[in-house]
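Visitor: Those protein sequence lines, which keep their order, are chains A and B. Oh and the first sequence: position 193 is 192 in numbering that gives the first Met the number 0, straight run, nothing missing. Oh and the second sequence: position 171 is 170 in numbering that gives the first Met the number 0, straight run, nothing missing.
These aren't lab readings, by the way, just hints derived from the structure by calculation. The reader is advised that the hints may include incorrect statements.
The list cannot tell twin chains apart, which means a pair is met if one copy fits it or any two copies do.
Claimed, not checked - Simulated pairs of lysine-lysine, BS3-like, Cα-Cα distance not exceeding 30 Å: (1) K284 / K468; (2) K284 / K49; (3) K555 / K79; (4) K509 / K468; (5) K331 / K47; (6) K319 / K308; (7) K319 / K71; (8) K509 / K35; (9) K465 / K509; (10) K53 / K555; (11) K468 / K601; (12) K601 / K465; (13) K465 / K47; (14) K281 / K605; (15) K368 / K73; (16) K284 / K412.
If you're wondering where the values come from, they're calculated on a predicted model, not measured in any experiment.
There are 2 protein chains.
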Amino acid sequence: MVGVYVSNSSRKEPHYQEMEEAGEIRERPTEVVVHKVEAPPLRTSLSKMKLRLKETFFPDDPFRCFEGQPLKTKWALAAKYLFPILGWAPNYSLSLFKSDFISGLTIASLAIPQGISYAKLANLPPIIGLYSSFVPPLVYAVLGSSRDLAVGPVSIASLIMGSMLRQAVNPSADPLLFLQLAFTSTFFAGLFQASLGIFRLGFIIDFLSKATLVGFMAGAAIIVSLQQLKSLLGIVHFTNQMGLVPVMSSIFHRTNEWSWQTVLMGICFLVFLLLARHISLKRPKLFWVTAGAPLACVILSTLLVFLFKAQNHGISIIGKLKCGLNHPSWDKLLFDATYLGVVMKTGLVTGIISLTEGVAVGRTFASMKDYQVDGNKEMMAIGLMNIVGSCTSCYVTTGAFSRSAVNHNAGCKTAMSNIVMAITVMVTLLFLMPLFVYTPNVVLSAIIIAAVAGLIDIPAAYHIWKMDKIDFVVCLCAFLGVIFISVQDGLAIAVGISICRILLQTTRPKIVVLGNIRGTEIYRDLQQYKEARRIRGFLILAVEAPINFANTIYLKERVRRCIEEENVVEHEQAALRFVILDLSAVFTIDTSGIASLIELKKSMEKRDLELLFINPNGEVMEKLQRANNVHNFLGVDSLYLTIGEAVLSLSSLAKVSP
Amino acid sequence: MVGVYVSNSSRKEPHYQEMEEAGEIRERPTEVVVHKVEAPPLRTSLSKMKLRLKETFFPDDPFRCFEGQPLKTKWALAAKYLFPILGWAPNYSLSLFKSDFISGLTIASLAIPQGISYAKLANLPPIIGLYSSFVPPLVYAVLGSSRDLAVGPVSIASLIMGSMLRQAVNPSADPLLFLQLAFTSTFFAGLFQASLGIFRLGFIIDFLSKATLVGFMAGAAIIVSLQQLKSLLGIVHFTNQMGLVPVMSSIFHRTNEWSWQTVLMGICFLVFLLLARHISLKRPKLFWVTAGAPLACVILSTLLVFLFKAQNHGISIIGKLKCGLNHPSWDKLLFDATYLGVVMKTGLVTGIISLTEGVAVGRTFASMKDYQVDGNKEMMAIGLMNIVGSCTSCYVTTGAFSRSAVNHNAGCKTAMSNIVMAITVMVTLLFLMPLFVYTPNVVLSAIIIAAVAGLIDIPAAYHIWKMDKIDFVVCLCAFLGVIFISVQDGLAIAVGISICRILLQTTRPKIVVLGNIRGTEIYRDLQQYKEARRIRGFLILAVEAPINFANTIYLKERVRRCIEEENVVEHEQAALRFVILDLSAVFTIDTSGIASLIELKKSMEKRDLELLFINPNGEVMEKLQRANNVHNFLGVDSLYLTIGEAVLSLSSLAKVSP
């Protein structure tokens with residue numbers, strides 16, 4: 000029950016006079032109505048802990064639909080949860096297949112050249128890129144819950160894997176060992192991804208904010224493009240480092256190695272690809288232009304090289320590729336102590352990065368089509384897909400943004416489009432490999448540059464700048480860190496800044512001085528609302544953050560400063576009688592926080608001020624009561640449900656007993 | 000101006016009918032009054048940034064008193080700020096000196112035996128402990144702003160320095176190098192402390208919460224006591240490790256080395272010291288009992304050894320100590336690359352720990368006597384004191400809690416008591432050193448154990464357990480980490496958990512469903528207030544945390560879940576029309592947060608629900624408006640100042656147009 004007690008005074012505050020003049024009003028403000036602050040219903044610590052754990056790890060409540068179902072249905076639901084294919088396959092129809100077939104072929108035409116290119120970016124044999132576009136999409140089709148995700152290798156994860164492993168092993172000196180490390184890293188990436196999902200720790204990837212990703216992606220795109228300058232200019236002796244400075248100096252120290260034939264060919268195809276991209280961006284209906292362009296480039300350039308025997312004129316070609324499907328590679332996984340550290344670290348970083356991309360892509364298209372994607376479930380699917388991949392000669396894969404967008408635009412309906420793509424890649428692997436012998440490396444570089452150009456999102460960076468300057472600083476740090484230090488460090492710096500920002504927000508919570516909006520019982524920030532007026536004798540402060548160890552000292556100092564400033568405003572020391580602390584926004588408080596409130600209350604008393612608390616929430620109220628049982632610091636009038644009631648009640652009391 | 004617009008409906012919600020029945024009421028609720036949400040007055044990004052920087056680094060506004068003063072006064076104020084001694088010395092009187100003289104002598108009698116003991120704890124020659132009780136107090140008396148702080152070496156910093164440096168150098172094999180490293184660590188500790196103060200980063204020590212410190216202190220006290228078992232049992236071959244397990248095994252493997260004379264003497268003095276401590280705790284007026292007890296023990300035990308020639312019966316003694324004051328030691332500072340790492344790390348850890356103790360002690364007594372201590376100024380003072388100390392044969396010092404409490408109880412008035420103490424130590428150093436030759440080591444160990452026993456605060460731990468279970472887990476982790484792993488790691492683990500907790504709070508903000516309290520316009524948590532009632536057709540949610548990248552996904556999922564649960568409650572899908580998001584407690588929002596609100600708004604529209612925002616604060620309002628200029632997602636009715644107005648206005652609108 001709301002306890003209502005009525006003060007024994009009938010005098011009112013000036014701003015209620017107008018109400019009074021207007022006629023008789025029931026109870027308020029003729030007598031002051033005061034509602035009691037209630038503590039929440041008692042619960043044991045255990046049940047509270049359980050609730051909190053549930054909210055932390057199962058906020059989406061994935062098992063809700065299981066409740067109250069018969070056992071058989073539960074099993075069926077569980078199977079559907081683990082294998083989403085069971086949800087759509089039974090009702091699959093020919094008309095759905097038509098759409099999926101077209102989109103599957105479209106993404107295959109994009110996947111084949113990109114697969115070859117990205118594998119080269121990771122310093123792996125080109126065929127690994129094709130292998131990685133065959134097995135993982137099949138696994139994902141069975142386990143994944145997104146309908147639009149197109150699975151395969153992606154540029155940034157490839158780049159990171161290549162650069163991190165190159166620090167341990169030289170890929171040209173010992174290609175087999177390098178390949179083994181790549182498979183093992185993929186295994187760890189998958190293991191890590193799957194465990195995040197299983198232990199419901201998916202929220203960890205939420206710490207990569209939009210701002211971080213915009214900066215990071217742009218930086219990585221530039222690093223990737225810089226690496227392509229090797230093939231694009233036909234340079235033979237290229238630096239092993241990734242940074243902007245070493246690459247640029249390497250390029251300009253090797254001008255003698257530049258091959259004009261290669262440059263000419265590269266620029267032509269690059270312009271063609273960028274134009275195709277531009278057209279598709281302007282008209283989403285022409286999605287097939289972007290989708291088909293890379294394959295067209297590959298075919299055209301291969302023909303050109305073949306006809307003009309250009310390989311003899313300074314244009315380097317892929318060379319012979321073996322026909323046949325993926326070999327098993329579980330025997331190649333290398334858990335040797337020498338390389339375990341680097342392999343695990345590479346797995347962790349590529350795992351996180353590819354997971355972030357995959358989950359973000361899945362969520363984006365799910366919200367477009369208004370269906371749900373369970374983040375943790377997706378992580379299990381992607382993780383398992385990589386574990387299986389690492390045993391079948393694939394390196395790290397995920398849902399790629401550009402390819403999924405094409406998939407979506409091409410009208411895919413279910414994960415069947417991934418199966419179609421995989422079969423197309425299979426056919427290529429089995430029969431069409433000899434066709435790639437004369438494909439020039441320069442065209443692969445052009446494909447990579449055109450693909451990563453989309454990662455530089457200047458409008459997004461501008462939008463961030465407009466919205467939030469600190470977010471922009473985070474974005475810029477990620478960008479500069481990636482370009483000038485290294486891909487991993489840039490990411491770490493940006494995440495570090497983001498976390499420091501959250502911590503800083505906690506350390507310096509906003510404390511605003513409230514005033515009354517004339518004619519109402521509404522109290523709002525004096526700075527925001529010009530009509531808000533101070534009430535003589537009261538200092539009303541709203542604390543807008545959890546009170547904890549990190550900000551108690553600040554809180555006390557800030558309240559003291561507010562009181563001093565208030566005294567300057569009032570020009571009469573004696574006028575201030577009540578300090579009101581609005582705790583509505585304090586959603587949690589710890590031991591230090593409670594101790595600081597007690598201390599504040601006592602130090603106010605030394606200055607003849609009364610400290611009041613307004614609207615503490617359940618948790619805060621509980622702790623205040625518990626502390627009060629020991630320290631007995633709460634008076635009868637220390638707690639109010641609203642500021643209005645507190646002001647009314649206290650000012651009438653104050654006038655009765657001057 | 001508050002924009003008031005009145006809806007064209009005169010129909011009211013049920014819970015306003017009673018008001019109506021009571022008579023005519025001006026404007027409300029005959030017509031619905033709606034106040035406009037205002038944006039704060041425009042300010043440039045630069046001025047906002049300036050304000051934020053000021054709030055972060057100068058929350059206490061230390062330069063306020065400088066404003067509007069003539070230049071001469073400003074200089075005088077600046078001098079007083081840098082040298083607080085100028086504030087009290089000119090008005091110093093004989094009566095003040097009497098109090099300070101007594102308290103100075105009292106803490107000297109405590110400082111001398113403790114100085115010798117703590118130096119041994121740090122594996123340093125005992126005389127260094129006395130040196131450290133001479134110069135630093137003098138420096139602090141000039142620079143420090145606390146009137147109660149008693150400066151000197153402290154147990155935990157000594158322990159940490161000893162154990163961290165011992166990992167690099169064996170103090171018995173190479174005592175000179177060890178001493179050099181100790182001075183250099185002290186130098187770095189001072190440098191680090193002073194820079195924290197100068198760069199106003201003092202809030203970093205706030206991250207050591209009360210819970211962390213309770214656990215850490217208790218663990219450290221046990222580790223310190225365990226180390227004393229060597230002297231207390233008279234063991235010669237003792238382990239070099241600090242952990243509970245190796246020490247206990249070392250003790251029980253060396254039972255043959257136990258010396259009964261030493262054990263007897265040790266236990267007798269320990270019981271005496273603990274009794275003395277107990278008496279002072281019960282009666283603060285008898286502070287001199289604790290204060291004098293250690294010196295009494297030293298004198299008594301020295302006499303006993305001297306009379307019975309006990310050094311020949313298995314009782315180890317300090318031995319000869321050199322007379323004379325501190326030697327300069329700046330030539331002993333060692334910036335060699337081999338040891339730079341360990342020395343800087345030791346400086347950092349001991350610096351942070353001793354700073355935390357010093358600042359906390361200063362603040363505690365300042366709030367008792369109701370004067371102000373500027374945390375950052377104190378850090379500069381303590382830092383400078385240690386830098387000077389490192390050049391005059393002192394190791395790391397700070398304000399010790401136990402000694403400051405004695406100082407306070409003995410009635411000190413100003414920092415003069417530190418000068419008196421320093422002079423007493425000086426006299427001891429010059430003339431009384433030969434008296435310590437026969438002091439047995441066992442009594443020093445007893446003094447240390449009695450001193451650190453006060454650090455084990457079981458009532459505080461129990462209080463934490465009662466107040467907050469997670470705080471207790473932090474406390475326990477710090478305790479167990481210190482005991483079983485190492486002092487530094489225990490601290491790092493506890494700080495890590497505290498920070499993770501803050502991050503987790505941000506990731507999983509509280510979102511509560513509000514209901515109306517009958518007969519009022521007050522909306523409160525349905526779970527906390529049993530009288531609060533849902534309003535049909537409305538789902539009212541309060542978000543109680545800043546919305547940022549770390550919680551946008553959760554926010555969206557949580558709102559979606561609330562809607563589903565609401566639909567179950569209402570048993571009729573069509574009933575829910577409005578989702579109200581109370582943003583009062585959202586004190587800041589970033590780019591991701593704004594994007595998620597837009598997305599939420601759009602996805603609600605797809606479900607024929609209208610999303611409203613209540614009372615965004617200045618910053619949020621500004622960003623909403625800026626985003627609205629681009630995305631145009633805010634309708635006419637999307638923002639309200641209070642929930643009550645939103646509900647009234649919308650329900651009347653809804654009834655007009657069904």
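Visitor: All hints, please: hold or fail.
Guide: Tested hints:
Taking the shortest Cα distances, K284 and K468 never come within 30 Å of each other, neither inside one copy (36 Å) nor across copies (57 Å). Within a single copy, K284 and K49 get their C-alpha atoms no closer than 50 Å, and across copies no closer than 49 Å, so neither meets the 30 Å cut-off. In this assembly of identical chains, K555 and K79 lie within 30 Å of each other by CA distance solely across copies; the values are 24 Å between and 55 Å within a copy. For a Cα distance limit of 30 Å, the shortest separation of K509 from K468 qualifies both inside one copy, at 18 Å, and across copies, at 27 Å.
Taking the shortest Cα distances, K331 and K47 never come within 30 Å of each other, neither inside one copy (48 Å) nor across copies (57 Å). For the identical chains of this complex, K319 and K308 are intra-copy neighbours only, at 15 Å inside a copy versus 94 Å across copies, given an alpha-carbon limit of 30 Å. In the homo-oligomer, the alpha carbons of K319 and K71 never lie at most 30 Å apart, since the shortest distance is 54 Å inside one protomer and 86 Å across protomers. Within a single copy, K509 and K35 get their C-alpha atoms as close as 27 Å, and across copies as close as 23 Å, so both meet the 30 Å cut-off.
Proximity of K465 to K509 under the C-alpha cut-off of 30 Å is found in both arrangements, the shortest distances being 22 Å within a copy and 29 Å between copies. Only between protomers do K53 and K555 lie at most 30 Å apart by alpha-carbon distance; the minimum there is 17 Å, versus 34 Å within a single protomer. Taking identical chains as interchangeable, the C-alpha atoms of K468 and K601 lie at most 30 Å apart only when they sit on different chains, with a minimum of 26 Å there against 40 Å within one chain. In this assembly of identical chains, K601 and K465 lie within 30 Å of each other by CA distance solely across copies; the values are 22 Å between and 45 Å within a copy.
Taking the closest pair of Cα atoms, K465 and K47 come within 30 Å of each other only across two copies (14 Å); inside a single copy the shortest separation is 42 Å, beyond that limit. Taking the shortest Cα distances, K281 and K605 sit within 30 Å of each other only across copies (26 Å), while inside one copy they are farther apart (70 Å). Within a single copy, K368 and K73 get their C-alpha atoms as close as 27 Å, which meets the 30 Å cut-off; across copies the closest is 67 Å, which misses it. When the C-alpha separation of K284 and K412 is checked against a cutoff of 30 Å, the pair qualifies only within one copy, where the shortest distance is 17 Å, while the shortest distance between copies is 83 Å.
Hints 1, 2, 5, 7 from the earlier list are contradicted by this structure; the remaining hints agree with it.
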